[in-house]
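J.: The residues making up each chain are set out below.
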Amino acid sequence: MSMSAHSGDLLSALLDGELTPDEEQAVRAHLSTCEQCRRELRLISEGRTLVRDLPAVDPPFGFYERMVRPRHRWARAGVAALAAGAAASVGVMALAAPREATVSPHVAQLVDAHTASASTSGDPISEITPAAAPVSFKG
Amino acid sequence: MAGEGAPTWEEVARSHGRFLYTVAYRLTGNREDAEDLVQEVLLRVRRGLETYQPGSMEGWLSRIATNAFLDEVRRRRRRPEDLLPEDPDWVLPPAPGADDALAAEALPDDVQAALRRLPEDFRAAVVLCDVVGLSYQEIGEALGIPVGTVRSRIHRGRALLREGLTRA
Chain A
354 MSMSAHSGDL LSALLDGELT PDEEQAVRAH LSTCEQCRRE LRLISEGRTL VRDLPAVDPP
414 FGFYERMVRP RHRWARAGVA ALAAGAAASV GVMALAAPRE ATVSPHVAQL VDAHTASAST
474 SGDPISEITP AAAPVSFKG
Chain B
8 MAGEGAPTWE EVARSHGRFL YTVAYRLTGN REDAEDLVQE VLLRVRRGLE TYQPGSMEGW
68 LSRIATNAFL DEVRRRRRRP EDLLPEDPDW VLPPAPGADD ALAAEALPDD VQAALRRLPE
128 DFRAAVVLCD VVGLSYQEIG EALGIPVGTV RSRIHRGRAL LREGLTRA
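Chains A and B, in that order, are what the protein sequence lines are. In short: position in the first sequence from 1, add 353, done, that's our numbering. In short: position in the second sequence from 1, add 7, done, that's our numbering.
Excised from the complex, chain A in its bound form (with noise of 0.2 Å):
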């Protein structure tokens, strides 16, 4: 007998509920009469059984939270993205950098301050480092 004859595939769409009234009809017809698709019906029944029964797995613990420091192989290129978007909700940034949240306002303080003494010209800082230049830390 040739594999055609047997159910195959419908099998497991026997399963699942997806095969139309008349092909449920022709696959349990067979079945009735063929020991072999009885044996592959019980084993792909007790595999479907098994992976339906697995648990769910929770993520380890703070991994939300520390997706905006991601460091993975995976959506290398687009983690910039990620973090870009994360760091301009308020929420997020909290959770993930408190530290550097505390910290930034004094960093722009400075940063102004230098900005407006590098106005003046004539100290070498100035002329090492263009005017415009700290600013950009501010963007």
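These are calculated hints, taken from the structure and not from any lab test. Small disclaimer: the values here were computed from a predicted structure and weren't measured. Watch out, some of these pointers could steer you wrong.
To be verified - Stretch by stretch, here's where chain A covers chain B in the computed footprint (C-beta under 8 Å, at least three residues):
#, stretch
1, 17 to 28
2, 43 to 52
3, 118 to 127
4, 132 to 146
A virtual CB, placed ideally from N, CA and C, is assigned to each residue, including glycine.
Use these hints to put chain B onto chain A, whose structure you have.
T.: Then chain B, alone, in the frame of chain A:
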């Protein structure tokens, strides 16, 4: 900009984080790759929220996850140094007389290991069907394949998984 009623990606992570991680873990078979896959999914979610249509959020997430997973599999195939170790004999038929006795008490780790040894295309179909609970039609749309191919991949995937547990 996200469409009306569309969640933010932070809300997706908060409300569906466990589900998404579970799907990613079942697809990849290990925590490190699962974490990477979840990251990739949330990046795609951020970019795609404006096209989200109210409906099954979990179905939408699992479609994104599965396609991101298969994209990564294809990328690794193009770069052989990144390939995961595989058992090339896995898809061969079982030896004659293989014992049918299933460890009825098969541990989830055993089942996960057998799932991971499936060819990725079969694994994706099985996960979408038996972990996520999508219909064959939905799986076909998610993977861009005909329903007949969905049926074949699910069936062969289940059969291989079950045989793998018999061998173990």
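J.: Now look at each hint and say whether the structure bears it out.
T.: Hints and how they fare:
no. : hint       : verdict
1   : 17 to 28   : holds (count 7)
2   : 43 to 52   : holds (count 7)
3   : 118 to 127 : holds (count 3)
4   : 132 to 146 : holds (count 7)
No hint from the list above goes unmet by this structure.
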